[in-house]
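We have chain A; now place chain B onto it with these hints.
As given, the protein sequences belong to chains A and B, one line each in that order. Following the UniProt record's numbering, the numbering of the first sequence begins with 1 at its first residue and continues without gaps. Following the UniProt record's numbering, the numbering of the second sequence begins with 1 at its first residue and continues without gaps.
Hints were generated in silico from the structure; no laboratory data involved. Don't take every hint at face value.
Repeated chains share a single entry, so a pair holds when one copy, or any two copies, can fit it.
What the hints assert, rightly or not - The calculated lysine to any residue pairs, modelled on SDA-like cross-linking and capped at a C-alpha distance of 20 Å, are:
#1 Lys335 <-> Pro32
#2 Lys38 <-> Val314
#3 Lys199 <-> Arg108
#4 Lys38 <-> Ala168
#5 Lys36 <-> Ser169
#6 Lys207 <-> Arg108
#7 Lys38 <-> Ser169
#8 Lys88 <-> Arg8
#9 Lys88 <-> Ser9
#10 Lys38 <-> Gly313
#11 Lys36 <-> Ala168
#12 Lys74 <-> Gln128
#13 Lys199 <-> Pro189
#14 Lys258 <-> Asn221
#15 Lys216 <-> Val109
#16 Lys30 <-> Asn80
#17 Lys74 <-> Ala61
#18 Lys30 <-> Pro40
#19 Lys88 <-> Glu11
#20 Lys30 <-> Ser86
#21 Lys216 <-> Arg108
#22 Lys152 <-> Arg87
#23 Lys30 <-> Leu81
#24 Lys199 <-> Arg245
#25 Lys30 <-> Met174
Here are the chains, one letter per residue:
Number of protein chains: 2
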Amino acid sequence: MATTPPTRSPELRKDPVTNRWVIFSPARAKRPSDFKSKSPENPNNNSSSCPFCIGNEHQCAPEIFRVPPDPNWKLRFIENLYPALSRKLDHPNGQNDDSSSELSGLGRVVPGFGFHDVVIETPVHSVQLSDLDPSEIGDVLIAYKRRIEQIKQFDSIQYIQVFKNHGASAGASMSHSHSQMLSLPIVPPSVSTRLNSMKEHFNQTGKCSLCQVQSKDLLINETSHFFSIAPYASSFPFEIWIIPRDHSSHFDELENKKAVDLGGLLKLILKKMALQLNNPPFNFMIHTSPIQVTDSELPYSHWFLQIIPQLTGVGGFELGSGCYINPVFPHDAAKILRELNVPI
Amino acid sequence: MATTPPTRSPELRKDPVTNRWVIFSPARAKRPSDFKSKSPENPNNNSSSCPFCIGNEHQCAPEIFRVPPDPNWKLRFIENLYPALSRKLDHPNGQNDDSSSELSGLGRVVPGFGFHDVVIETPVHSVQLSDLDPSEIGDVLIAYKRRIEQIKQFDSIQYIQVFKNHGASAGASMSHSHSQMLSLPIVPPSVSTRLNSMKEHFNQTGKCSLCQVQSKDLLINETSHFFSIAPYASSFPFEIWIIPRDHSSHFDELENKKAVDLGGLLKLILKKMALQLNNPPFNFMIHTSPIQVTDSELPYSHWFLQIIPQLTGVGGFELGSGCYINPVFPHDAAKILRELNVPI
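Same shape as in the complex, but just chain A:
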């Protein structure tokens, strides 16, 4: 019969990258290995009415590019049919920083110019991102990079957020595997906070906090060019970061060869997460640097990919305080995922 391990006392940890306080509260938890999604994503094979399926391209918003550029595409970059920002608005010819934005008396306002794109990651409805080969996932990552290089030409775009919502409760309105890119005329507050926090660490230690972060206890898997960890102050149970080994400020510096390596690690991690946590809905986000950075910011700016499985909800405490309560210590989550064997 399994015995319950002795309960650790709760503690608060502050992440040196996100600058966020997290309450680790194991008394609220079942055993870490018992965490499972209560709303697993079921594969949906009904593709007849899905505009993202091959053959239904005419039901979609305009295409930006496809790979390869012929009818038998493997991935497509398209406009979002319901964009959060408008690519048709006049955009100021320069930066919309606080000094140039309009102050309405009630707060600052910036016109909603920007790009909201969708990446259809596969032509086949029943295929998920983690079903693709490492090189095919690499192609998706390279497509992000190609689109970022196009958008960087617009002076008024300051930050590009790449993200994936998998599963309805993680925010996905379409079940066909896709990710999104939202190009913003501002630098979002989380990005400023992250860079300030990494700068502070750099000023104190002379080192980049993500170059320094690797710890055996927190390590899940590693490859030639990347390593994955459960971060020291994970906001969510089984939160995972994939970090490039070599210091790099911007995701779009990713070389093609390294994209395949990253594709392989992302596939492994997503497979492990699905197996261990009962195919949970999840989000991933690429945390990169603002398009414009100064030379002095480069030594502490290091991009990474964050994966959050949706296992626990968010309530009034988190909304009010910005602190999170995590019932699973990251070394426990890392050990479980590290020791898990998955057939690839």
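Chain B in isolation, oriented as in the chain A frame:
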């Protein structure tokens, strides 16, 4: 036949209180008046197994106090059976600010000393907070205040977060009407950000941003001592703030007479929200000041109560950037709620 109003262009607004950027994106929305909860809270009358019901007190964690102090109580303050923080840990005799917390090499750590309490707002399972009389809701607010005054005696507690989760998808694990109080050995990041933002506004204008905020377009309802608005840069559709008219830094300065007035306005707003939005799950949070504030911070520190109905989910964009996408402009939300008549 109803016609669709002309679509406004998207815009980004930065809130002068929360310092958060919000994308207003009406192109994604149905008409503001068509917003309804898809997962309304159904009253659950099965009280036989509910530990919060009168008569089942022995199933609960220890009681802190009850009002009135006899078997026929109307509300009870109890310990949370699964506390996020421990009241039994040794606590440092002073402030756990960054300078005194331990730096582990991976990030800062503070022992998880604190209090996690529950307020059972009514002895009757089927009664919701908005069903109570204004004076009974006032009693709940006065109970918060009484408990805050007890906890302030602990030097190492720096901030007290009062919040309510109503409905499972808003984080409530119990359907019996209750709220919670989490007393923390740190000042949470959202609180520091809010105070810095209000300080900046004060330095620029010489005025408190919440004393100044009242705008006819954003007003929902007002009473002698409070007013309710849809805030200028609402992060969520139909988000509502209730603000004391008189400048006040801390919630626990609330006088008994004003508590009844606030109880009446809170009741009205919750009734309107339930009627207009199909009884949505919701959270409310009291945003107050840290226990220790300096005299120089008082002129711009102004507490308020924030109500967030759960109508739209959060996805990778919000998790990654800290920006929110709101499909409803606050003047539209305010107008709908202002003009709604509810039987009280």
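Going down the list of hints, with the structure as the test:
Taking the closest pair of Cα atoms, Lys335 and Pro32 come within 20 Å of each other only inside a single copy of the chain (10 Å); across copies the shortest separation is 48 Å, beyond that limit. When the C-alpha separation of Lys38 and Val314 is checked against a cutoff of 20 Å, the pair qualifies both within a copy, at 15 Å, and between copies, at 18 Å. For the homomeric pair Lys199 and Arg108, the shortest alpha-carbon distance between copies (16 Å) is at most 20 Å, but the shortest distance inside one copy (26 Å) is not. Within a single copy, Lys38 and Ala168 get their C-alpha atoms as close as 13 Å, and across copies as close as 13 Å, so both meet the 20 Å cut-off.
Both within a single protomer and between protomers do Lys36 and Ser169 lie at most 20 Å apart by alpha-carbon distance, with minima of 15 Å and 17 Å respectively. For the identical chains of this complex, Lys207 and Arg108 are inter-copy neighbours only, at 17 Å across copies versus 35 Å inside a copy, given an alpha-carbon limit of 20 Å. In the homo-oligomer, the alpha carbons of Lys38 and Ser169 lie at most 20 Å apart both inside one protomer (11 Å) and across protomers (13 Å), since each shortest distance falls under that limit. For a Cα distance limit of 20 Å, the shortest separation of Lys88 from Arg8 across copies, 13 Å, qualifies, whereas the shortest one inside one copy, 55 Å, does not.
In this assembly of identical chains, Lys88 and Ser9 lie within 20 Å of each other by CA distance solely across copies; the values are 10 Å between and 54 Å within a copy. In the homo-oligomer, the alpha carbons of Lys38 and Gly313 lie at most 20 Å apart both inside one protomer (11 Å) and across protomers (17 Å), since each shortest distance falls under that limit. Taking the shortest Cα distances, Lys36 and Ala168 sit within 20 Å of each other both inside one copy (17 Å) and across copies (18 Å). Taking the closest pair of Cα atoms, Lys74 and Gln128 come within 20 Å of each other only inside a single copy of the chain (13 Å); across copies the shortest separation is 53 Å, beyond that limit.
Taking the closest pair of Cα atoms, Lys199 and Pro189 come within 20 Å of each other both inside a single copy (15 Å) and across two copies (17 Å). Within a single copy, Lys258 and Asn221 get their C-alpha atoms as close as 16 Å, which meets the 20 Å cut-off; across copies the closest is 58 Å, which misses it. In this assembly of identical chains, the alpha carbons of Lys216 and Val109 lie at most 20 Å apart only when taken from different copies (19 Å versus 46 Å within one copy). For the identical chains of this complex, Lys30 and Asn80 are inter-copy neighbours only, at 17 Å across copies versus 40 Å inside a copy, given an alpha-carbon limit of 20 Å.
With identical chains, the CA atoms of Lys74 and Ala61 are at most 20 Å apart within one copy only, with a shortest distance of 18 Å there and 57 Å across copies. In the homo-oligomer, the alpha carbons of Lys30 and Pro40 lie at most 20 Å apart inside one protomer (19 Å), although the nearest pairing across protomers, at 29 Å, exceeds that limit. For the homomeric pair Lys88 and Glu11, the shortest alpha-carbon distance between copies (13 Å) is at most 20 Å, but the shortest distance inside one copy (49 Å) is not. When the C-alpha separation of Lys30 and Ser86 is checked against a cutoff of 20 Å, the pair qualifies only between copies, where the shortest distance is 17 Å, while the shortest distance within a copy is 46 Å.
In this assembly of identical chains, the alpha carbons of Lys216 and Arg108 lie at most 20 Å apart only when taken from different copies (19 Å versus 45 Å within one copy). In this assembly of identical chains, Lys152 and Arg87 lie within 20 Å of each other by CA distance solely inside one copy; the values are 14 Å within and 52 Å between copies. For a Cα distance limit of 20 Å, the shortest separation of Lys30 from Leu81 across copies, 14 Å, qualifies, whereas the shortest one inside one copy, 42 Å, does not. For the identical chains of this complex, Lys199 and Arg245 are intra-copy neighbours only, at 19 Å inside a copy versus 40 Å across copies, given an alpha-carbon limit of 20 Å.
Only between protomers do Lys30 and Met174 lie at most 20 Å apart by alpha-carbon distance; the minimum there is 18 Å, versus 32 Å within a single protomer.
The structure shown violates none of the earlier numbered hints.
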